[in-house]
Amino acid sequence: MKNPLSAAAYRRRAPGEPRAIGYLYILPALVLYAAFLLYPFGQSVWLSFVHWDGLTVATPAGFDNYRDLFTDPALRAPFAHALLLLVFYSALPVAIGLLLAALMSRARVRGMTFFRTVLFLPQVLALIVVGVAWRSILAPDGLLNDTLHAVGLGSLARPWLGDYDWALPAVGIVGTWVGTGLCMVLFLAGAQRIPRELYEAARMDGAGPVREFFSVTLPGLRPQIAVALTLTIVAGLRNFDLIYITTSGGPGNSTSVPAYEVYHRAFETNQVGSAAAVGVALTVLIFVLTVTVSRLVEGRRS
Amino acid sequence: MGFPSTGSRRVRRRAVPILLTAGLALLATACVPGTDGSQAYGPGNGPAVAVPDPAKAGKVTLTVWDQEIRGGTNGELQQLNKEFERKYPNVKIKRVARSFNDLKTTLKLALSGNNPPDVVQANQGYPDMVSFVQAGLLAPLDNYAGVYAWNTRYPNTLLNLNRVSADGTDFGTGRLYGISQTGEYIGVYYNKDVLAKAGVKPPKTWGEFTASLSRLKDRGKLPIQFGNLDKYPAIHTFGVLQDQLAAAEVRDTVLGRGTGFDTTATKDAAATLADWTKRGYLPKGSNGLGYDDAAKKFSSGDGGYLLTGTWLLADLKKAMGDKLGLMTPPPASAGGAPVTTGGQGLAWSITSRSRHPEVAAAYLDFITNKHAADVMTEHGVLPAVPGAAAERVDPDTVDGQMIAGWKRLSAADGLVPYLDYSSPTFFDTITAALQGVISGKTSPEKFAATLQQDYGAFMKKQRERHAATPAPAEPK
Amino acid sequence: MTTRLERTVTYGILALFSVIALTPVIGILSTAFDSQDSLDTGFSLPEGGLHWSNFADAWNRGHFGTYLGNSVLVTAAVVAATTVLAVLAAYAFGVMRFPGSTVLFYLFVIGLTLPQEALVVPLYFDLRYAELTDTYWALILPQTAQSLAFGVFWMRTYFRGSARSVIEAARIDGANTWTTLWRVLVPMGRPAISTMVVITFMWTWNEFLMALVMVSDEAHRTVPLGLAFFQGQHSSDAALLAAASVLIALPVVVVYVALQRRFIEGMLGGAVKE
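Residue numbers (full-length UniProt numbering), protein chains in the order written: chain W, 1 to 302; chain R, 1 to 476; chain A, 1 to 274.
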């Protein structure tokens, strides 16, 4: 069966069926997908070029809404916040996930299922539940401050979500907490597929855990790292739920993010065109970042 | 990967222009329903000329959205709803209650949606009520006001806060778009035990009040409990401070005819707020503490004073009993006329697309009439127009203090409207800026300038509008 | 092979991160069983025994019965629709060749990076125009479309990797594409499909923004929305809030614990064949 001829024949033509049938299989999904995803996105782009309050007649805006993204500090700040949050939502979970996966791939751990279940748990909780839980932990006399006082670090205690400098990192840590499990499970799956012989060879060469990690584990995990980065970047830039439930963008506007700004402008302050522009810009940002990730991480593979 | 990589790259290169074309095709056809203005609803006008009779309306479900989730108002409203349903068995009230912030975030969506509620509580001023009227989402109530004699039930100063000009541009004048159930003012709640332990008597003057703060602090007590995570509470605290300095001026500014916000009063009040935080008169990190959490802490004995609205009385009283006292912010000299931020509760409005505007109007009348006022008093709620039951309340109780304060404020014309009414974006502007002042990030000068920037820009727009269309005659 | 030290360090770090992962969960649990009068929001053994009544209170006051019903209905519909449509489309993308297939596939892949925030605004106005806001459709249709991006991408990977010999064998046995798909490939692809199901389930169950925008009446509210409003109303009632959170998270956690093995197997299987 596996001779070159049949493989080539297969590639040319689906086995025994007219080619057009492929369209029929795709059609239902495509119709729904186009109507509720592609088309609205087109509309968003269109909306971003008008001034509209959501009720009266829309007027053309040219590039006004996009220019505001660069000139209006109230719009520039959310994007800066979003980028900073990516450190917490994406970089830290991937780093921690790698560390854990490296440790686990080296030693055979008993009770692996238990640890895996526990570490992945934050992923399955609704973000709203996560927000409620962390809001109470980060409250002025919540668990975090209580702990700091208990271990004699009371001077570090602060109202995390109400502190101008710390609210953003505090919200970021919640993202780290959520994302780490996902990364770990991905990397673990990847690490177990790295041929044992590579490790044995590395050890024979006298590689310690660190060198082993950099010369065997890390290159072996490249595809998983790309997936993890992509998933966490996308999740980190669409963190509407957490912001809504924990800070609503406060204190001041120090935790406002594009995702929150879209909702706020479109449905609260009657700036639909501007909201659409923020949404489109967010899409572009996500697109650029994910393409960069796949170029940087995956590109080197071939 | 199943594909040879060169193949996939080739396809990818070809895919880009195709995708772009597909995208452009989508764009060309894209048009969002409503952008032609077709979804804007003209301002409806209630046709009522006689008192509506809900009993004859057939089976009706009245959907009501409110934010009366606290003990007192929640209880009072539940009772009134039940009584209304008993009086008109054909009417069923579907009540949806949520917090002030949640109502504020979702109301516009609900009003412009397919099945708007019949009755909603709308916050007065430019951010909410005026923008709803502009969009034709609320029904004018002037006819009902005549039929039900609301015009005489309420003093004009209160009614005017629920008015919007017919063209939907000006607040405080024109048509009536809601009536309020409760009166409210920002008072100074105090914990008698905590004050007594620190040797502080309830202050009679503003000077005594500020002196007592440092005394409480010295005795190791938190002088004023305060939580501002929800952003709006600082409007109230700041308002009280600002009113002490320039009440009349601030009122004119909010109503669009004053000197604006770049004033010494604004700066001094902001400086005081920052100073109180620095001195520890307000708790450290109040920006991170929830409003309800602060109230809960105050009622459990943490804090000598709590500066907030009369809406919280029933809940505080339930937890604190006789330990709770309430006064209007003390005047500059003993026995002087009090001033504070306040006015009335959120307006109860009828949506323009309600299918039962007459039943809704009857409901509005029912929850604000004399009987309703007495029910409110029984539940520890301050009615906008206190009735017979309020007369019978023992003046030495905290309820009595609340009612007496309301009467003195009304008589002295000492109520200054909430500052967030000032411009369509003012709620966001002032709440964000006040969090900055409290944290010490924003200087009083910067704060005043930020407010004025928002306010000034809006005033300029209003003036241009008025210049374009002659101002409607003010009803007297 | 591994030294004792390495082993200890491994367990130590694992335990540390497990504690970190569990702390907020245990905090919520302990608060949920605490007395409603307690001011403590942190860790403490509930005073005076477990207060089971918190759950009944939260359930009644927050109308969570209705919300859970809505969430189950919406999630079931989205998962079912996504599974069927994604399997069909991915099958064509994975094993058939026809003009434009690559371009169409990339159209679906784009959906993986399109954030909802870029769609929700016009979607709201479209659905309002179609009088679909405040219906289940307003939640089901957009979320299915969004899940399809992942579903098609994910299942195509499976179909790509499924052994050609199997397909050839089925063809020689006289099976057409339809029977090959449902009789052979789908049963074989259970791990991949269950991964897709669990992920779609999670996304839909957790969805907040869509529900916030599309649903304003109480009758169609889903649990995340219910909890957000419940928090607004009872923000100082830590015990009630925690109890409500537990009620909402419990179904997912139960499903997760039951299916987690299959879920990870599925991820592993899918990754191998990538």
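None of these hints come from the bench; they were simulated from the model.
Note that the Cβ used here is the ideal one computed from N, Cα and C, for glycine as well.
Careful, some of the hints might be misleading.
Here are some of the chain A residues that sit facing chain R, going by a computed Cβ distance under 10 Å [unchecked claim]:
(1) P122
(2) L132
(3) Q231
Now the hints, each set against the structure:
1. P122: Constraint on P122/A satisfied, holds at 5 Å.
2. L132: Holds, because the Cβ-Cβ distance from L132/A to chain R comes to roughly 8 Å (cut-off 10 Å).
3. Q231: holds (8 Å)
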